[in-house]
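Visitor: Model the full assembly from the supplied sequences, consistent with the hints where possible.
Chains as they are written, first to last, in the working numbering: chain U, 1 to 837; chain S, 1 to 229.
Hints listed in this document are in silico derivations from the structure and should not be mistaken for laboratory results.
The reader is advised that the hints may include incorrect statements.
Said to hold, decoys possible - For each label pair, taking beta carbons as the anchor points, the in silico distance ranges come out as:
no.	chain 1	residue 1	chain 2	residue 2	range
1	S	G147	U	L819	25 to 33 angstroms
2	U	L354	S	A78	38 to 46 angstroms
3	U	A11	S	M1	37 to 45 angstroms
4	S	D26	U	L819	53 to 61 angstroms
5	U	A11	S	D195	27 to 35 angstroms
6	U	L354	S	G147	51 to 59 angstroms
7	S	D182	U	A320	49 to 57 angstroms
8	U	R452	S	E224	52 to 60 angstroms
9	S	A78	U	C807	47 to 55 angstroms
10	U	I357	S	D115	31 to 39 angstroms
11	S	D182	U	R463	42 to 50 angstroms
12	U	C807	S	D115	51 to 59 angstroms
We treat Cβ as the ideally placed atom computed from N, Cα and C, and that holds for glycine.
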Amino acid sequence: MKPVLRHLFLASLRYSRFATALSLLAIALGVALGLAVQLIHDAALDEFGRGLRSLAGAVDLQLTGPRTGFDDRLYAEIARLPQVADIAPVLELEVRLPGRTQSLRVFGVDVLRAYRLHAAFQPKPEATGGEGGEFALFAPDALFLTTPARTALGLETGATLRVQSGTVERTLRIAGGVPAAPANQPFGVMDIAAMQQVFDHIGRISRIDLRMRSRTDPDDMRTVLKAMLPPGVEILTPELAESQAVALSRAYRVNLTMLAAIALVTGAFLVFSSQRLAVARRVQEFAFLRAMGLTRRELMLGILVEGAVLGLAGGVLGIALGHVLARLAIGLFGGDLGAGYFEGLAPTLRFEPLAAIAYLVAGVLAGLAGAWGPARDAARVNPASGLRAGADSGGFHVRTGAFLALVLATVALGLCVLPPVSGVPVFGYGAVAAILAAAILVLPAIASSIHRAWPPGRSATVRLARARLGAAPGQAVVAAAGVVASVALAAAMGIMVTSFRHSLDAWLGVVLPADLYVSASRGANSGYLDEALIARVAQLDGVETLRPVRFDSIRLDATHSPVTLIARPVDGGKILPLVSTEDREGKLPEKVPIWISEAMAAIFSLDIGDEPLIPIAGKPVPCRVAGVWRDYARQYGAFVIELDDYRRLTSDFSANDLGIWLRRGASPDAVAAEVRAATGDRAVDIAVPREIRDRSLAIFDRTFLVTYLMEAVAVVIGLFGVSASFAALASARRREFGMLRHLGLTRRDIGRLLAIEGAMTAAVGSVVGLAAGAAVSVVLIEVVNRQSFHWSMDIRIPFVGLAAFACVLITLAALAARLSGRHAMHQSAVLAVREDW
Amino acid sequence: MLEISAVTKCHEKSVTQAGSRALFADVSLELHKGECVAIMGESGVGKSTLLNCIAGLEPVDGGVIRLDDVELTALDEAGFARLRRKFFGFVFQAFHVLPHLTVAQNVALPLWLLDTNEAEAARQAVEMIERVGLGGRGDDWPRHLSGGELQRVAIARALVHRPLLVLADEPTGNLDPERAADILDLLLERIRSADAMGIIVTHSAAAARRADRVLRLSSRGLTEQAVVA
Numbered sequence: 001m002k003p004v005l006r007h008l009f010l011a012s013l014r015y016s017r018f019a020t021a022l023s024l025l026a027i028a029l030g031v032a033l034g035l036a037v038q039l040i041h042d043a044a045l046d047e048f049g050r051g052l053r054s055l056a057g058a059v060d061l062q063l064t065g066p067r068t069g070f071d072d073r074l075y076a077e078i079a080r081l082p083q084v085a086d087i088a089p090v091l092e093l094e095v096r097l098p099g100r101t102q103s104l105r106v107f108g109v110d111v112l113r114a115y116r117l118h119a120a121f122q123p124k125p126e127a128t129g130g131e132g133g134e135f136a137l138f139a140p141d142a143l144f145l146t147t148p149a150r151t152a153l154g155l156e157t158g159a160t161l162r163v164q165s166g167t168v169e170r171t172l173r174i175a176g177g178v179p180a181a182p183a184n185q186p187f188g189v190m191d192i193a194a195m196q197q198v199f200d201h202i203g204r205i206s207r208i209d210l211r212m213r214s215r216t217d218p219d220d221m222r223t224v225l226k227a228m229l230p231p232g233v234e235i236l237t238p239e240l241a242e243s244q245a246v247a248l249s250r251a252y253r254v255n256l257t258m259l260a261a262i263a264l265v266t267g268a269f270l271v272f273s274s275q276r277l278a279v280a281r282r283v284q285e286f287a288f289l290r291a292m293g294l295t296r297r298e299l300m301l302g303i304l305v306e307g308a309v310l311g312l313a314g315g316v317l318g319i320a321l322g323h324v325l326a327r328l329a330i331g332l333f334g335g336d337l338g339a340g341y342f343e344g345l346a347p348t349l350r351f352e353p354l355a356a357i358a359y360l361v362a363g364v365l366a367g368l369a370g371a372w373g374p375a376r377d378a379a380r381v382n383p384a385s386g387l388r389a390g391a392d393s394g395g396f397h398v399r400t401g402a403f404l405a406l407v408l409a410t411v412a413l414g415l416c417v418l419p420p421v422s423g424v425p426v427f428g429y430g431a432v433a434a435i436l437a438a439a440i441l442v443l444p445a446i447a448s449s450i451h452r453a454w455p456p457g458r459s460a461t462v463r464l465a466r467a468r469l470g471a472a473p474g475q476a477v478v479a480a481a482g483v484v485a486s487v488a489l490a491a492a493m494g495i496m497v498t499s500f501r502h503s504l505d506a507w508l509g510v511v512l513p514a515d516l517y518v519s520a521s522r523g524a525n526s527g528y529l530d531e532a533l534i535a536r537v538a539q540l541d542g543v544e545t546l547r548p549v550r551f552d553s554i555r556l557d558a559t560h561s562p563v564t565l566i567a568r569p570v571d572g573g574k575i576l577p578l579v580s581t582e583d584r585e586g587k588l589p590e591k592v593p594i595w596i597s598e599a600m601a602a603i604f605s606l607d608i609g610d611e612p613l614i615p616i617a618g619k620p621v622p623c624r625v626a627g628v629w630r631d632y633a634r635q636y637g638a639f640v641i642e643l644d645d646y647r648r649l650t651s652d653f654s655a656n657d658l659g660i661w662l663r664r665g666a667s668p669d670a671v672a673a674e675v676r677a678a679t680g681d682r683a684v685d686i687a688v689p690r691e692i693r694d695r696s697l698a699i700f701d702r703t704f705l706v707t708y709l710m711e712a713v714a715v716v717i718g719l720f721g722v723s724a725s726f727a728a729l730a731s732a733r734r735r736e737f738g739m740l741r742h743l744g745l746t747r748r749d750i751g752r753l754l755a756i757e758g759a760m761t762a763a764v765g766s767v768v769g770l771a772a773g774a775a776v777s778v779v780l781i782e783v784v785n786r787q788s789f790h791w792s793m794d795i796r797i798p799f800v801g802l803a804a805f806a807c808v809l810i811t812l813a814a815l816a817a818r819l820s821g822r823h824a825m826h827q828s829a830v831l832a833v834r835e836d837w
Numbered sequence: 001m002l003e004i005s006a007v008t009k010c011h012e013k014s015v016t017q018a019g020s021r022a023l024f025a026d027v028s029l030e031l032h033k034g035e036c037v038a039i040m041g042e043s044g045v046g047k048s049t050l051l052n053c054i055a056g057l058e059p060v061d062g063g064v065i066r067l068d069d070v071e072l073t074a075l076d077e078a079g080f081a082r083l084r085r086k087f088f089g090f091v092f093q094a095f096h097v098l099p100h101l102t103v104a105q106n107v108a109l110p111l112w113l114l115d116t117n118e119a120e121a122a123r124q125a126v127e128m129i130e131r132v133g134l135g136g137r138g139d140d141w142p143r144h145l146s147g148g149e150l151q152r153v154a155i156a157r158a159l160v161h162r163p164l165l166v167l168a169d170e171p172t173g174n175l176d177p178e179r180a181a182d183i184l185d186l187l188l189e190r191i192r193s194a195d196a197m198g199i200i201v202t203h204s205a206a207a208a209r210r211a212d213r214v215l216r217l218s219s220r221g222l223t224e225q226a227v228v229a
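Guide: Here it is in structure tokens:
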């Protein structure tokens with residue numbers, strides 16, 4: 001490295017250590033957040049994908065049906081096809097474990113053939129007394145557990161496990177392990193025939209896995225299969241199944257990455273602020289260097305190198321910090337950061353050289369981007385005027401960009417109407433970026449307006465601060481730029497989360513109208529209530545009305561994840577949280593009305609009045625979309641069908657849940673006890689709506705905890721910006737402060753002056769940031785959320801919260817400005833006015 | 001030899017207007033090696049601007065400036081910058097000693113610009129620091145130096161790379177008379193012993209008297225002047 005570069009430019013980073021440290025930390029935090037999010041998601045997806053691939057085994061095609069399964073005679077028909085080399089049926093159930101909070105995923109496989117297609121499912125009997133041996137594989141009560149499942153359940157070979165089928169408890173015996181199962185996958189394996197028996201699924205399977213003979217044309221095979229499959233059974237490849245599973249969490253992952261990116265952008269603003277102020281402070285130095293023979297290019301290069309070195313150092317620190325953060329976050333929130341996508345997964349973090357390099361480059365780019373404008377300004381300094389005594393050392397001008405801001409705002413509007421790209425709201429994020437850029441461009445105009453609206457007052461310090469804002473709005477603009485980005489982000493997220501939480505609360509009120517909820521299958525599908533039991537509960541003393549709910553998951557096509565079928569009495573849709581409904585006049589009665597969720601409408605491009613064929617109970621049922629309702633529970637889509645229609649179509653009279661309306665004066669506890677007596681003590685979960693609501697809101701809050709934390713980091717970075725800017729400004733204004741002390745101002749007065757200026761800067765930043773945040777929140781709610789998760793919400797602005805946030809930020813900024821300036825404040829007034837620079 | 005022929009400089013604003021008004025016109029000067037001239041004149045007459053024009057920091061509006069056989073007024077900006085770092089030395093009224101460099105590093109700065117290796121630059125800087133009477137202060141920070149000492153650092157820095165021409169703009173303007181005389185003697189002695197040329201802009205008759213010639217700048221050009229004590 002040239003000594004000029006090292007001693008002149010890099011040494012100046014050391015000279016303004018405070019601003020340098022804050023800029024470096026800001027970049028490091030941005031890089032660390034981004035990298036941590038990426039590392040966690042990669043590790044989780046890797047683990048998740050590996051698990052799926054390993055479970056898929058050597059399968060070419062999977063024929064997958066609804067959650068309630070399909071007729072296993074299809075298996076025999078397909079097995080006869082000459083193109084099939086190997087074929088295996090699978091019954092998959094999430095089994096309810098009475099008396100335990102967790103459920104267990106159990107696969108029923110053909111244990112003799114499992115090794116050929118599903119090595120990962122091959123059970124291995126372990127001898128306990130005289131019961132071992134190969135025959136243990138077929139024992140009707142034999143369950144084989146993977147090591148993680150054993151650990152989670154605390155069971156060893158020979159132990160027994162109570163499982164629930166319907167509302168009946170059955171006992172299974174742990175007969176051995178599943179040695180080839182992927183690590184970290186807790187599940188059990190049974191012989192498929194035994195499993196059908198135990199869980200009353202005689203003649204039903206969930207999927208058929210097959211391998212084709214070599215030289216079989218996959219397209220021909222699909223055509224042959226297509227003709228044989230009943231509606232609702234789709235042909236998937238293991239890759240497609242994996243990509244569908246991974247796509248579910250993609251929007252959430254992209255959202256978190258974008259939050260981290262905003263933190264990094266805020267870091268770049270900080271570099272910009274401190275470099276811009278440093279350039280202003282060093283105008284004479286640069287003019288002198290130019291006089292000494294430094295060319296414009298060399299000067300610009302020097303400042304860019306400063307930025308790049310800051311970015312590089314911040315990037316390196318950020319990469320280390322990112323790994324620490326990722327480790328901490330996985331420990332605290334799990335591999336899905338609390339969002340519930342990969343529950344139970346214990347991903348292993350790895351150093352990813354490519355991701356590390358990408359984020360290091362992002363750090364350097366942030367440093368360079370921040371230094372670019374200041375470097376250009378420095379190169380424009382006229383050495384002759386810069387050398388004159390009293391040359392500008394801080395009161396620089398910032399060009400107002402009101403017109404460009406207007407153009408950007410229009411661009412943002414335009415971007416909002418563009419569709420997502422592969423389910424990711426790319427243009428929505430583009431609109432957010434355009435709004436932030438417009439907000440920063442409009443800052444000078446806002447600073448001038450605030451100056452005009454601010455009464456002069458009598459206090460000398462207030463007059464001085466006001467005069468400075470009027471004469472040098474550029475300084476306030478540069479210091480406020482970092483605040484704008486972080487306040488806008490915090491305000492937008494605040495509005496979005498409040499709107500979401502409020503809408504969710506209101507939604508829960510609508511979807512939980514009963515007094516008591518009985519569930520035989522929360523998080524599991526082996527539990528259900530049969531017709532006789534439902535009738536018995538309906539007869540109970542305290543029960544006024546009873547509404548059963550039946551769930552299934554239905555595949556509408558092979559390219560999308562299955563949607564949830566909800567069969568319940570809906571009173572012609574009246575009791576649903578509808579966002580739009582049809583005019584019922586003149587509709588044909590033979591079409592079955594269904595009410596689809598917003599997600600289903602968006603994913604399958606369905607609208608009111610459309611008449612899709614829905615595969616129910618193996619038959620294509622002509623349906624009519626009678627309404628669209630809001631559903632926050634199922635991101636991949638759901639539809640509601642009248643229970644009577646469902647029962648007529650399927651002859652399935654069982655239910656997963658019951659909603660119970662109590663007789664006047666009946667005690668919920670007493671009725672719950674009666675229900676328990678009727679169903680068996682441990683067979684059902686019973687909750688009042690308040691419990692379900694509280695549980696749902698707790699999950700909501702947990703999901704957004706990481707978001708809150710990332711927001712807090714962005715705000716802290718914004719405060720760093722104020723602090724760094726004021727440290728730099730105060731250092732540049734030592735002579736001014738010295739002169740003011742000569743004129744009779746005390747050190748305390750100077751401190752007050754700095755505090756007022758800091759508060760005013762944060763106020764300008766907050767006003768613009770809050771306005772930009774409100775605009776960004778509309779984009780998040782109406783574009784990003786709709787395109788990512790397909791749900792709408794009612795906008796609700798937390799005025800009090802935002803006002804309190806702004807007040808706290810302004811106070812903190814005042815404190816930060818005062819603290820940052822204390823060095824300059826405490827310098828000798830005599831020395832300060834004699835200072836060379 | 002520095003040769004200034006009929007140089008004209010107009011007021012910045014009037015250049016764009018018809019009938020431009022000259023700040024100074026027809027300035028001519030010949031300066032030989034080992035010679036120092038002082039330029040005096042009223043405030044605002046353009047003394048500092050003339051120095052800036054000679055250094056290529058401001059363009060001239062007419063005339064030619066030559067250093068030996070190089071026509072300075074024909075050089076482009078980057079070319080002038082490279083020439084400046086090699087052949088020019090500067091001393092300012094405000095010392096412009098960089099606060100984040102030590103005394104030795106400040107003095108070595110012109111050598112770094114010329115890509116001299118660090119050890120050699122440090123050796124020459126220490127030697128020059130001794131010649132200006134600051135021996136042993138090389139590792140000090142500028143904030144620990146007095147005004148007179150800072151100007152000595154500036155002089156050392158102006159001469160360390162053996163420039164052909166030293167331009168000094170009010171070099172003693174910030175110093176008390178006694179210290180000003182010392183500093184000026186030092187500056188002139190160093191310029192002469194290095195066989196360089198010096199142009200000193202000053203308001204002080206006492207300072208001007210120490211130069212080989214005293215010139216007065218007016219809007220009509222440079223005229224020789226006898227100095228009255």
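Visitor: State the violated hints by number, sorted upward, taking the hints as numbered earlier in the document.
Guide: No numbers; nothing is violated.
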